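Sequences and hints are given; from them, build the entire structure.
Count along the sequence shown starting at 1, add 1, and that's the number in the working numbering.
Everything labelled a hint here was simulated from the structure, so no lab data went into it. Please read these numbers as outputs of a predicted model, since none were measured by experiment. It is possible that some hints are incorrect.
[Stated by the list, open to error] In the SDA-like style, the derived pairs of lysine to any residue whose C-alpha atoms are separated by at most 25 Å in a straight line are:
{"hint": "1", "residue 1": "K525", "residue 2": "E510"}
{"hint": "2", "residue 1": "K589", "residue 2": "R563"}
{"hint": "3", "residue 1": "K525", "residue 2": "F389"}
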Amino acid sequence: MYLRAPDRLLRVDLSTESVERVSVPDEWRRRYVGGKGLGARYLYEELDAGTDPLGPNNVLLFMVGPVSGLLPGESRYAAITKSPLTGVFLDSYAGGTFPAVLAGALHDAGGVLFTGRASEPVRLVVADGDVNIESAETWGEDTVTTDEHFSDAAVACVGPAGENQIAYATISSDAGDHHAGRGGAGAVMGAKRLKAVVARGNPPSGLEELRERYAERYRESDTGKWLQASGTVETVDFANETGVLPTRGWQGGQFDGADDIGIAAVRELAREREYPDDDPGGYRVETDAGESVPRGATAMTLGAGLGIDDFDAVAELGATCDRFGLDLISAGNTVAWAIRASGASLLEHSFTFGNPDDARSLLRDIATRETTLGDALAEGVDVAAERFGGDDLVPTVKAMELPAYDPRGAESMALAYATSDRGACHRRAIPIEREVFENWSPGRAARAVVTEQDQRSILWSLIVDDFVGDVFEDLGAEWLDAVGLDTDGDLQTIGERIWTLTRLFNVREGIARADDELPPALRKPLKSGPNDGQAVDEDRFEAMLDAYYAERRWGADGRPARETVDRLGLDEVVDDETPLAEQPMERK
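Here's what the structure looks like:
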C-alpha cells in the first residue's frame, strides 16, 4: 500500500454514469493539503453563485486526508457540498470503519467528486482501485437495513430522510452508528439518487512507529484520559453544572433530570463498554432498551433539550434519528421548536416537553414529510418559523440550529457560533472550555476563536480525529513529511487560507455581517441555573464581532479584504462574483 499522499481524484458523473480518474494540481495539494481544504477549493471551482443545493449542478465530495487510515484514533472522511439547510459551504465528518476502508480502496485518489443526477437510484462501488456504478435495489430502506446488505464491505448511505431530501439528512455509515451529520449532505446525496458508496479493500498501512508514538501521547493526555473514563456523555454534566445546557427548547440552562441521562446514568445502566486499542474515544453503552448511545449530543439535544429524563427513551429517539438518517441536533431542535410553537398557540397541534411519544411522532413526520407540519419542519427551524411564526423560540445561525452549549453562559460561544463557516457549530471553536472559568475581553475572545478555527481547518484537511488532534503540537507537520507532501507555507497560515476560502465561498453566496448576527432567541434571558436572567449582551457581542473581523483582517462588513486575499495567495481563486472589502478593520 502506498505511503505517499494521494494525488488523484475520482470524478463521477451520475447523469452519464461515467468515471474519470484525474490528477489534482500540485499547487492545490501544497496550498490546501486534502480533506476540507482541497474539497473547499474544488467546491469553489465547480459551482456558480446561486447553484441550487438540491439540483444536478451541485457537487458532492467524499474526501479523505493525506494520512487517512494511518493516524491513531478514529479515521474520518469529509462530505463537502453546498448545504440545502443553509445555502452556504458545508463540510460534515464521520468516523468508524468506512473512512479507512475508503482511503485504502481509492488507492492513489484522495476523494470522489460527484456531479449530475442519476436517472434511477444507484450506488458507487469502490473496490481496490476499481470503480463501478450499480443499480441500488436498497432504495427505500433505512440506514441499518441498507448496511446489512454488504457484510463484506464498508458502507456510507442515506436513509429515508436523505431520499426525501430533508434539509438536515445525514450520510450514515457503520449501520447508523456514525454520521456525516450537520447541514444536509444526505439530502444532496438523495437528490442525486445516490443511495450508497460501498468500499472494499484494506485500509492504508505503515508508519507504525509514528502512529504508536502519537497514540501513546494521546492516551497520556488529559483529553485521552477523559474520554477513556466517560466518553463525551460527561459533557452533559459539564454543561449542566456550568448552566449552559440547553433545556426545554433553549428556555433554561440547567436540567433537573440531568443525572438521569448523564454519566451517572451511563455508569448505572451500562452492560458493555468497549475501548478499542485504535479508538480510545469510541465509547459505547448498551441500555436496557438495547439501544446504543454513542455521544453526549444525544442526551443533550434529545434529552435535556426536549425535557426527557428517561435514559432508554432518549436512546430510542437517537436510534430513530440514526435509522432515518436525520441529524439529531437539528432534528431535536426542530422538535423543540414545534413544542414551543404549540405552547404559544402558533400551531393547531398540541405537544409537550417530557413526552417521548410526541417527539417520536414528530421525528417520523419529519423524515417522511407525510404531514403538512412535518413537511415544514423537514426544512428546519427557520423555514418553519417563516410559515408559522416564532422566529425567537429556538436559535439558529445561517439557518443551522445551535448545538450543545448555550452562549448566554459563555459569550465567546456566541462569537464561535456566529462566525462558523457552515452555520452554528461547536466544533469549529470551543472557547467555552476556558472562558467559562475566566473573564475574557472581546479581543481575547476573538483571538481564541480565530486561532481554533484556523487550527481545526488544517487538522480537518489532514482529517484528524478531533480529540486526537489536541496532541498535534505541530498541526500534523511530521505526518505530512512522512508521506512526502510539501506545503506552501506554515500550517497555521494554511489553516487561515482554508478558512478564508470558505468565507469567500459564502460571501459569493451573499453572506455578510448581517448573517453573523446574534439570533433573537439569545437576546432573551435564561430562566434557570447559575446564569438565570442572563442574555448575550448585544453591545458586547458587536465588540467581539468587530474584534474578530479585525483579527482576521476582514472589512467591517465581514468580507475578506483585498490585501488579506493577496497575502494568502487567494487572488487566483476569487472571481468577479465575489465582492471584497477595500480596507481591513484595524486591530485595537
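Worksheet item: Hints broken by the structure, by number, lowest first?
Response: Hint 1 contradicted; others consistent.
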